[in-house]
Amino acid sequence: MSECIVITSGKGGVGKTTTSANLAVSLALSGKTVVVVDADIGLRNLDVILGLENRIVYDLVQVIEGECKLKQALIRDKRVPGLYMLPAAQTRDKNAVSQDDMKRLVQDLKALHDYVIIDCPAGIEQGFKNSIAGADRAIIVTTPEVSAIRDADRIIGLVEAHELPEPDLIINRYRPGLVERGDMMNREDILEILAIPLIGIIPDHQDVIISSNRGCPAAFDENSVVGQAYRRVAARVQGHEVEIPSFETGNGLFNSFMKWMGLAPVREVV
Amino acid sequence: MRAFLQRVLGGKQGSKNEAKQRLKVLLIHDQVDLTQAQMEQMREEVVAVIRKYVEIDDSGVDFKLDRGESGVELAASVPVRRVHARAI
Chain B
63 MSECIVITSG KGGVGKTTTS ANLAVSLALS GKTVVVVDAD IGLRNLDVIL GLENRIVYDL
123 VQVIEGECKL KQALIRDKRV PGLYMLPAAQ TRDKNAVSQD DMKRLVQDLK ALHDYVIIDC
183 PAGIEQGFKN SIAGADRAII VTTPEVSAIR DADRIIGLVE AHELPEPDLI INRYRPGLVE
243 RGDMMNREDI LEILAIPLIG IIPDHQDVII SSNRGCPAAF DENSVVGQAY RRVAARVQGH
303 EVEIPSFETG NGLFNSFMKW MGLAPVREVV
Chain H
544 MRAFLQRVLG GKQGSKNEAK QRLKVLLIHD QVDLTQAQME QMREEVVAVI RKYVEIDDSG
604 VDFKLDRGES GVELAASVPV RRVHARAI
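Protein sequence lines, in the order shown, are assigned to chains B and H. Using my numbering, the letters of the first sequence correspond one by one to residues 63 to 332. Using my numbering, the letters of the second sequence correspond one by one to residues 544 to 631.
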């Protein structure tokens, strides 16, 4: 059975598009067919993150307005079988699409693919409402910062008000070194506040910037810690039990002290 | 143990506790949507009702919103000096 997952956060710049792209790539790498939809009408970015910006012919609004067939607008990613992108319109605004339009579109896409991933725009207005209209479940992306977590809390309430099941959480830009010295909220701190299931922690890493420069999501790189983290998220999305590692650096004050004492570093629980 | 050692070795607590504390307060106010003045008014009215029945220590009254198991909870701590004879 096909499933539509919306990637949302409330706050901008926390990594929704990067997460959408990497999750879609990871699901495709595990053998599923996936279409990732850029729902940020007027400010499209997913095409650039995926490196598919030069192949766009038609967009989501043209599909909805009947200017082209759905299959004509889907761009196939040649790097992995079963991965497609539906780009947003760049020259239109969010009001060009209604919630009913999105529901119909998602139904049509679900008939073609195992997973439909929706990259939701920032904010809680029309673009957000459209993005969650056809979704079966939501994944909330946050970073370990006060402002991002505050917005995530708001979004969790809105997702539940739209009668979607309890959303899952991705903690993005996690910095184990900062966590170990007490300058970043850890996994337990964030879960205590947001109280939804954790589906992944993505470490803050240069791979994200390098992969966005190249238009090649980190999930394609087997050796990338970020890519590995996203592939684990994809496994959990499919219902597999995969442990969320702690990403400890071993350089925390406590570990340094233990090393100094001649004792083995203690595993940081994050 | 870990936190203790960090405090001893590092001299001060990291900023994450501040972040967490600020967040908790923020989220309560986001959810409750009451102004500071309305909160103060509610406090005064609740305390006035209690004062009708018992003598209380005004300086020790603690009245705040907190996040509990099932959402926002209102916690009031009102020290009682003496129960009025007529209330019994």
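If you are wondering where the hints come from, they were derived from the structure by calculation, not from laboratory data. Please note that a few of the clues may not be correct.
Straight-line distance between alpha carbons at most 20 angstroms, and here's what the computed PhoX-like set of lysine-lysine pairs gives [stated by the list, open to error]:
id	chain 1	residue 1	chain 2	residue 2
1	B	133	B	94
2	H	567	B	94
3	B	94	B	140
4	B	191	B	140
5	H	567	H	607
6	B	73	H	607
Label-pair ranges, simulated between beta-carbon atoms [stated by the list, open to error]:
id	chain 1	residue 1	chain 2	residue 2	range
7	B	173	H	586	34 to 44 angstroms
8	B	219	H	578	13 to 23 angstroms
9	B	128	H	606	51 to 61 angstroms
10	B	223	H	567	45 to 55 angstroms
Quick reminder that beta carbons are idealized off the backbone N, C-alpha and C, glycines included.
- prompt: Is the distance from the Cβ of residue 223/B to the Cβ of residue 567/H consistent with 45 to 55 angstroms?
  reply: violated (22 angstroms)
Residue 586/H and residue 173/B - C-beta distance against the hinted 34 to 44 angstroms: violated (57 angstroms)
task: Given the hint that residue 133/B pairs with residue 94/B, test it: the Cα-Cα distance must not exceed 20 angstroms.
output: holds (18 angstroms)
- prompt: Quick one, are residue 94/B and residue 140/B close enough, alpha carbons at most 20 angstroms?
  reply: holds (15 angstroms)
message: Tell me if the straight-line CA distance from residue 567/H to residue 94/B falls inside 20 angstroms.
response: Cα-Cα ~40 angstroms, so violated.
query: Taken at face value, is the distance from the CA of residue 140/B to the CA of residue 191/B at most 20 angstroms?
result: violated (31 angstroms)
message: Just to be sure I understand the hint, the distance between the Cβ atoms of residue 128/B and residue 606/H should be within 51 to 61 angstroms; is that true here?
response: Since residue 128/B and residue 606/H have Cβ atoms about 60 angstroms apart, the given range 51 to 61 angstroms holds.
- request: Could you tell me whether the CB distance from residue 219/B to residue 578/H stays inside 13 to 23 angstroms?
  value: Holds, since residue 219/B and residue 578/H (Cβ atoms, about 20 angstroms apart) stay within the stated range.
message: So if I understand the rule, the pair passes when the alpha-carbon distance is 20 angstroms or less; does residue 567/H with residue 607/H pass?
response: Cα-Cα ~12 angstroms, so holds.
task: Sort out whether residue 607/H lies within 20 angstroms of residue 73/B, counting only the CA atoms.
output: Violated: residue 73/B and residue 607/H sit about 28 angstroms apart, past 20 angstroms.
The structure fails hints 2, 4, 6, 7 and 10 (numbered hints given earlier, in ascending order).
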